[in-house]
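Protein chains in written order, with my numbering: chain A, 459 to 750; chain B, 278 to 563; chain C, 11 to 290.
Rather than coming from a laboratory, the hints here were simulated on the basis of the structure.
In this text the structure is predicted, and so the values were computed from the model without any measurement.
Be careful, since some hints might not be right.
List time: in silico SDA-like cross-link candidates among lysine to any residue, alpha-carbon distance up to 25 Å [as the list claims (entries may be wrong)]:
{"hint": "1", "chain 1": "C", "residue 1": "K266", "chain 2": "A", "residue 2": "S690"}
{"hint": "2", "chain 1": "C", "residue 1": "K64", "chain 2": "C", "residue 2": "D40"}
{"hint": "3", "chain 1": "C", "residue 1": "K236", "chain 2": "C", "residue 2": "I282"}
{"hint": "4", "chain 1": "C", "residue 1": "K157", "chain 2": "B", "residue 2": "L291"}
{"hint": "5", "chain 1": "A", "residue 1": "K642", "chain 2": "B", "residue 2": "L291"}
{"hint": "6", "chain 1": "A", "residue 1": "K560", "chain 2": "B", "residue 2": "M550"}
{"hint": "7", "chain 1": "C", "residue 1": "K157", "chain 2": "B", "residue 2": "G411"}
{"hint": "8", "chain 1": "C", "residue 1": "K64", "chain 2": "A", "residue 2": "Q716"}
{"hint": "9", "chain 1": "A", "residue 1": "K560", "chain 2": "B", "residue 2": "L502"}
{"hint": "10", "chain 1": "C", "residue 1": "K188", "chain 2": "B", "residue 2": "L502"}
{"hint": "11", "chain 1": "C", "residue 1": "K113", "chain 2": "B", "residue 2": "L528"}
Each chain is listed here by its residues.
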Amino acid sequence: MNRFGELLLALFSWCCTLLLTATVGILMLFLLRRGLPAFDAALFFGDTPPLAALLLSKPVFDGLFPALFGTLALVLLAIACAVPVGLAAGIYLAEYAAPAPKRLLNLFFDVLAGIPSIVIGLAGFALAIVLHRTFSGRIGHCLLLSALSLAFLVLPYLIRSTQNALEAIDPVTRRTALALGASKLQNILYVLLPNRLADLTGGVILAVGRCAEDTAVIMLTGVVASAGIPNSLLRQYEALPFYIYYISSQYSGPEELQRGFAAALVLLSLCVALFLLAFFIQRRLKERLLYR
Amino acid sequence: MSIFSRIVERLFSLAAAGSALLTIAVFLLLLYLALPLFEQGGFWALIRSPWDPGAGLYGIYPMLIGSLSIAFLALLIGFPLSLGGAFFITCFAPLFLRRHLLNLVRLLTGVPTVVYSFAALFLLVPFLREHLTGGSGLNILGAALMLAVLIAPTMIIFFVDALRRVPSGYLQAVTALGGSPGQGLVYIALPLAWPGILNGLLLGLGRAMGDTMISLMIAGNAVALPGSMMDSARTLTAHIALVIAADVSSLEFQSIFACGILLYLFTALLVLMVRLLGKFPKRSPG
Amino acid sequence: MIRQFAKSNFLTACLLAASFLFSFQALAGDLDLFRGYKGAISISGGTAHIPVMKEAAKRAMTANPDIQITIAGGGTGVGIKQVGEKMVQIGNAGRKPTEAEIKQHGLVLFQWAIDGVGVVVHPQNQVQALTFSQLQDIYAGKTVNWKELGGVDRAINLYTRDQASGTREVFAGKALNKGAVSPRANVVVSNGAMKTAVANDPYGIGYVSVGHIDSSVAPVALDGVKPTEDNVRAGKYKVARGLYSLTAGEPRGLVKAFLDYLFSPSGQQIVIDKGFIPVR
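Okay, chain A solo, but in the shape it has when bound (with noise of 0.2 Å):
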């Protein structure tokens, strides 16, 4: 390769990058641009008085209140749900699955890992179905069933998490309580897992964000365009990424378009907000392990 050559592939790179940042600059620049006007009280609780709002005596219509619930909601029951399975089976992979049944389960949770969203959503809202049709009553779409299919959706990232960090552990700190006489389980528990909180606890927010932003699975399994507060989990809800959808295709004047760009801003800030939490809380917590 001449030095012409060498010249053409250092431009290459520089321009791939330049347009990559570039495009994505633009996108966010111009949401920044027609959402940001739209901030204000009335954006997140419409004409309801805020308060009464927050403390769920008033609902809230033409505001982005019951989709910041319903959102909320969600991530919570699905986190709740994925992140005990999800250890535990990461645990297992990484310290007692025999080299055979790790090969397999490995393949297993790679494919989990590459089914579409809507695939995970076609199957929660089939489910659906057939408890209906089997017990031919209450249980339909609704947040239970999503949260449930988003937990499914997130635990492969999870497990991996938890087994890479754990086999990342260096073999004399792995071996030190198991010479002083503690069980492997006590090993596991005392040493290992605290040994690296932070990395469990990044992928765990890292899974959040992933909840937070999927809109193929909910749209399937129960979310709609208008519901107020859930009052049980039964019950079909609003929440943010389906928000964003929704007005994108039928807002009804300039005034809703805009509340479409300010949802946007709010989900994308609050991806954001959560990828720069994982981040800091690893290195934070690196930091202070290091030192003790």
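Starting from the known structure of chain A, fit chains B and C onto it as the hints suggest.
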């Protein structure tokens, strides 16, 4: 303590086995609901025929082609971009920038797809309509462009990872022999890193194939077989989202389970390919 | 601090109670239908209905916070199927359900408004009148450029609705005379989405519930008759239909209260406010 630990350890293995079984259960559920199709031998017919409910045709061939063309076009655009980005981060960027750039790329993997599609719907689509493709601006090209932006960060991370795994001694040897960083990259790092790069490429393809919101919002959802990238098209994923709640027993409804099965099989196939790639004997340097 | 909070909370509560009483006074009568009920209604189906449903739900939920009403779209086909399978309590339909559908699911019909299906284009489009046969040629994909109709030299972008849509069925039956719709047409999922799609596309053409037509799109006269509320009411505009709410079996309790409210004077006023023609 020992009973406690035995119970806990049993729970660990149950969690792992249960999660793996759920993966199969999803497939079986889809299969069960599409069963009537298989019994009538209609599955393959469905995959090959067009969608025209008026004429009683519920085929998903146009959606399959729509999905494939959008995903591959996205890859065609996204792959060189990502490769360039990865080269930049590993080789050409000023040193102080590299770490920050990689973190930025990681951040970008977390941007919600619905946010991308929302911004693109009001920025890219009018631009395409007025200046590039004509028509409604809702077409394969627009969706593929956005998908390329969506999958690029994932691919860059994989590419950078693969390039960085190349032992630094090799690259130092290139420098010692008077080679430039670019030469080290092209003649040493790239040939050694290609399994990792192919890996990232396949995962990018899976992501592009599996995304719903971008194609649903940007591609136009027409049911005709697309003839060019200026045409509006519908993907398998968007088709599921569009037909979903329409019906619970008709052929129309069963066809979306056929879409689900196709998507599931496609991603499973990609994962298997990645696996086989991992088994590939590493080429010895030299 | 806590005391202060409690105090302000108390004040808010008083204010709320006061405004509550006031609103009750203002809307006296019809909203009494919801008094004493608790629970939820889920509604899905026809998308032309959504503005009316939303407003009625808002008023019901404001008058009685113990009620929760969820509203989803999906289209007429979805509404009929879901109410038939008892997955929702009220299914909305933008066309009359067929005899087979009524029989299969034991549907009870409530027609609470009359609506038209109007052809719309972008307000800047010079072509704002068509004949039925011109329209049929456009939708069949035979006429492909606005130039052929006296407009600008740009391709016509077709917009249509998905298979579940009652609006599509009425449009295809009465305006296209059962003619074909080109598969190249862009597909949108609701009346609202149709309106925004055409409002954003200077070269687009679509069809939408007359109640949804506003200044963001231009109505197209068919054989000289504009799709307006007046023309639909007078029977001059022929592409018209009823808006139905369906229940599986006779409605009871809260569902009945909600339907009764739609037929009450204030319910019918909502129908008028949203651009439809009331039945009472």
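Checked hints:
A hinted pair counts as satisfied when its Cα atoms are at most 25 Å apart, and C:K266 with A:S690 qualifies at roughly 22 Å. The suggested pairing of C:K64 with C:D40 holds, with an alpha-carbon distance near 17 Å, which does not exceed 25 Å. Of the supplied pair hints, the one linking C:K236 and C:I282 holds, its CA atoms being roughly 19 Å apart against a limit of 25 Å. Our distance criterion of 25 Å between C-alpha atoms is broken by C:K157 and B:L291, whose separation comes to about 68 Å.
A threshold of 25 Å between alpha carbons decides the hint, and for A:K642 with B:L291 the separation of about 18 Å falls inside it, so the pair holds. As the CA atoms of A:K560 and B:M550 are separated by approximately 18 Å, the hinted pair is consistent with the 25 Å bound. At roughly 15 Å between alpha-carbon atoms, C:K157 and B:G411 fall within 25 Å of each other, so this suggested pair holds. For a cut-off of 25 Å, the pair hint linking C:K64 to A:Q716 stands: about 20 Å separates their Cα positions.
A threshold of 25 Å between alpha carbons decides the hint, and for A:K560 with B:L502 the separation of about 43 Å lies outside it, so the pair is violated. The straight-line distance between the Cα atoms of C:K188 and B:L502 is roughly 23 Å, inside the 25 Å bound, and the hint therefore holds. Of the supplied pair hints, the one linking C:K113 and B:L528 holds, its CA atoms being roughly 21 Å apart against a limit of 25 Å.
The structure shown violates the earlier hints numbered 4, 9.
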